[in-house]
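> Protein chains in written order, with the numbering used here: chain A, 1 to 410; chain B, 1 to 410.
Keep in mind that the hints are not guaranteed to be accurate.
Copies of the same chain look alike in the list, so a pair counts if it fits in one copy or across any two.
Here are the computed lysine to aspartate or glutamate pairs in the DMTMM-like style, where the Cα-Cα straight-line distance is at most 25 Å [to be verified]:
id, residue 1, residue 2
1, 290, 300
2, 290, 209
3, 10, 300
4, 10, 163
Calculated directly from the structure, the hints in this document are not laboratory data.
In case you want the letters, here they are:
There are 2 protein chains.
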Amino acid sequence: MVREMARRAKAAQPGLGTAPAERRNEALERIALALEERSAAILAANAADMAAASPNLPGPMVARLRLDERNLAAFVAGVRAVAALPEVLGEELAAWERPNGLQISRVRVPLGVIGIIYEARPGVTVDAAVLCLKAGNAVLLKGGREAARSNTALGEAIAAGLEAAGFPADLVQVLPPTREATAELMTATGLVDVLIPRGGAGLIRAVLEQSRVPVIETGTGVCHLYVHAAADLAMARAIAVNAKCSNPAVCNALETLLVDRAVAAAFLPAAGAALRQAGVVVRGCEETRKHLPWAEAATEADWRTEYNDLILAVRVVDGLQEALAHIGTYGTRHSESIITADEEAAARFLHQVDAAAVYHNASTRFTDGGEFGFGAEIGISTQKLHARGPMGLAELTSYKYIILGAGQIR
Amino acid sequence: MVREMARRAKAAQPGLGTAPAERRNEALERIALALEERSAAILAANAADMAAASPNLPGPMVARLRLDERNLAAFVAGVRAVAALPEVLGEELAAWERPNGLQISRVRVPLGVIGIIYEARPGVTVDAAVLCLKAGNAVLLKGGREAARSNTALGEAIAAGLEAAGFPADLVQVLPPTREATAELMTATGLVDVLIPRGGAGLIRAVLEQSRVPVIETGTGVCHLYVHAAADLAMARAIAVNAKCSNPAVCNALETLLVDRAVAAAFLPAAGAALRQAGVVVRGCEETRKHLPWAEAATEADWRTEYNDLILAVRVVDGLQEALAHIGTYGTRHSESIITADEEAAARFLHQVDAAAVYHNASTRFTDGGEFGFGAEIGISTQKLHARGPMGLAELTSYKYIILGAGQIR
């Protein structure tokens with residue numbers, strides 16, 4: 001069944017991918033209108049999802065599942081914001097002439113059919129659909145079972161919007177919320193160009209392990225902040241608190257603080273107090289606990305853990321080299337930051353740390369499509385193939401070569 | 001065992017990836033010298049491979065396995081040519097400032113550890129190794145069993161060159177030529193960043209189906225030439241013969257000729273005769289055989305076949321739309337060409353055909369890193385993720401974001 005849906009998506013995609021920008025933007029506007037028109041039905045479907053939800057569903061999951069008028073208005077505004085983003089398709093990425101007279105250009109085109117596998121977050125349904133559509137792609141949406149009714153209602157609104165703009169509804173299809181659907185999607189090679197899993201580490205690992213379709217790995221972030229010997233300690237403290245506390249549930253939040261031994265005594269007591277006051281549980285190395293006797297003892301496992309919570313691992317290191325070695329061993333290549341006034345140390349850190357985003361004197365929390373100025377994002381890639389870091393519209397495209405000749409043979 | 005080799009490659013790679021261009025180029029020069037110095041040992045190893053080869057080995061495979069002084073000189077020249085290519089690492093791909101003052105730049109970095117799986121072609125061992133090294137990557141080479149002694153000898157020369165330049169030999173490792181090694185390589189997630197299979201359709205399909213590590217699909221090309229109603233027929237004939245015959249074994253060779261009904265009678269007799277004279281067996285549709293009574297009858301399977309041989313499928317189509325539909329159904333998204341003097345028809349073809357390379361009035365045989373001016377290529381991608389078409393040095397890289405702040409928090 002999913003294979004058949006994928007086949008229809010693949011058949012429908014070229015019509016969207018070769019349509020002019022105005023027609024794709026018109027489709028997004030029609031989707032925004034359809035979401036507005038159908039808001040009562042969408043909220044009713046969501047209420048039914050909420051009513052059917054297990055009382056054992058964890059609090060954060062319930063919060064992500066629930067929709068209200070304000071959420072819907074934000075979805076609609078989001079759709080219009082994506083429509084207003086600059087066009088990416090057709091962009092000439094490079095052009096040159098060969099000695100034999102062939103004119104070669106490299107032009108941006110859609111990826112094709114994109115599969116999104118996610119959990120019970122109805123917002124992703126709208127978000128992912130419109131980003132994929134704007135970049136000329138068809139999309140297959142496999143959301144969580146708990147949000148099934150909400151996703152179906154949102155999918156119907158998107159379908160109505162597409163059809164009102166003269167496009168086939170097959171361009172955006174909500175898959176059944178079953179394991180079988182996921183399994184079929186992961187084996188739809190030749191029909192689906194890429195899968196993007198969005199969600200917890202377990203979901204992403206499962207997709208990576210099982211998919212036969214190319215996957216873009218997203219998400220896991222064991223992010224570090226290294227307070228160098230030459231750091232502005234007030235800046236370092238403010239950034240540590242911000243990076244840990246401003247949204248601990250997300251992948252760009254700080255998980256491990258590395259403190260140079262040279263400034264440990266000057267930095268840790270005040271920084272520790274500020275973190276503690278913000279509700280952070282500190283798990284420190286032995287050296288850290290000399291300065292923060294109230295801190296819990298960190299174990300090897302702490303250096304590898306993405307807490308996604310108000311918990312912070314803290315380790316005192318002997319200089320830049322040891323900080324680099326720690327990040328090389330325990331980092332997940334997501335976001336890493338150094339706080340220092342020493343330009344040479346900063347340059348070494350930025351050059352040598354292998355991560356999607358490396359920072360000097362700033363919070364890791366900026367690794368985000370919106371914060372980077374992409375207007376929107378479909379996720380944050382932690383792999384190196386195709387896309388790295390925040391993925392916006394450009395990362396949902398490929399390219400082709402157009403070669404103009406005058407009868408050249410080889 | 002392969003996992004342990006991959007671990008060593010991963011540990012060695014950052015030292016290469018962060019080394020200045022001169023040091024990497026010096027390593028390539030040392031490899032060139034080591035290949036020259038060890039030429040007798042390499043040729044002796046190759047002679048042993050040839051002696052051990054099964055008498056049932058097909059002719060073309062024997063030809064690819066055999067090395068002589070001339071081949072080795074070509075390898076050495078190839079290494080020096082790669083060393084002379086422009087540096088790609090560190091290139092600033094984009095840079096901008098955010099309203100909050102963050103300075104963001106996107107900088108080219110190596111992919112990391114690359115695995116190459118290929119057949120009994122010792123040339124690939126040198127070729128792939130130096131391209132990967134130039135772009136700052138470590139490489140694991142899994143060649144065919146028939147070339148095992150040649151590959152070991154070549155690998156020893158490469159290792160000697162690396163060490164002479166002060167780099168660890170772990171950067172280029174020749175894996176055992178066993179199925180177990182391939183299987184281990186395909187499950188080395190977290191250690192190997194990408195696998196590139198090079199070889200026949202069977203090899204590529206097996207890697208795509210079995211690998212847990214991201215794969216770049218290369219190779220299969222059912223390439224079409226569409227002779228439009230407004231084609232220069234002499235040009236079309238010359239290109240058809242060239243695209244089919246100049247090297248029928250390669251993926252950018254022509255496999256299916258589509259002839260517009262409007263010019264079938266004017267084009268087919270002379271073009272058919274030219275192809276026949278060049279030794280080409282034609283398998284035509286019913287309409288084609290009215291003009292070429294000597295042609296064999298094509299079946300549905302012919303439209304899907306990459307012959308890699310002097311065989312050509314020929315079909316008469318009713319106009320551009322039918323040509324596009326045929327290519328959409330049977331093409332492998334590799335290289336497609338239209339011959340026409342009608343600019344509007346050409347524009348429609350170039351825009352609507354979904355392939356790595358789309359041509360107007362030129363032979364499909366130009367889809368090649370060298371012909372595109374990349375200096376060298378590691379293969380031709382037929383997927384859309386990461387890289388499409390000929391892959392040169394740039395396609396062996398990723399990027400990272402460098403963000404400079406002054407204490408920004410979010």
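> Are any of the numbered hints broken by this structure? If so, which, sorted upward?
2
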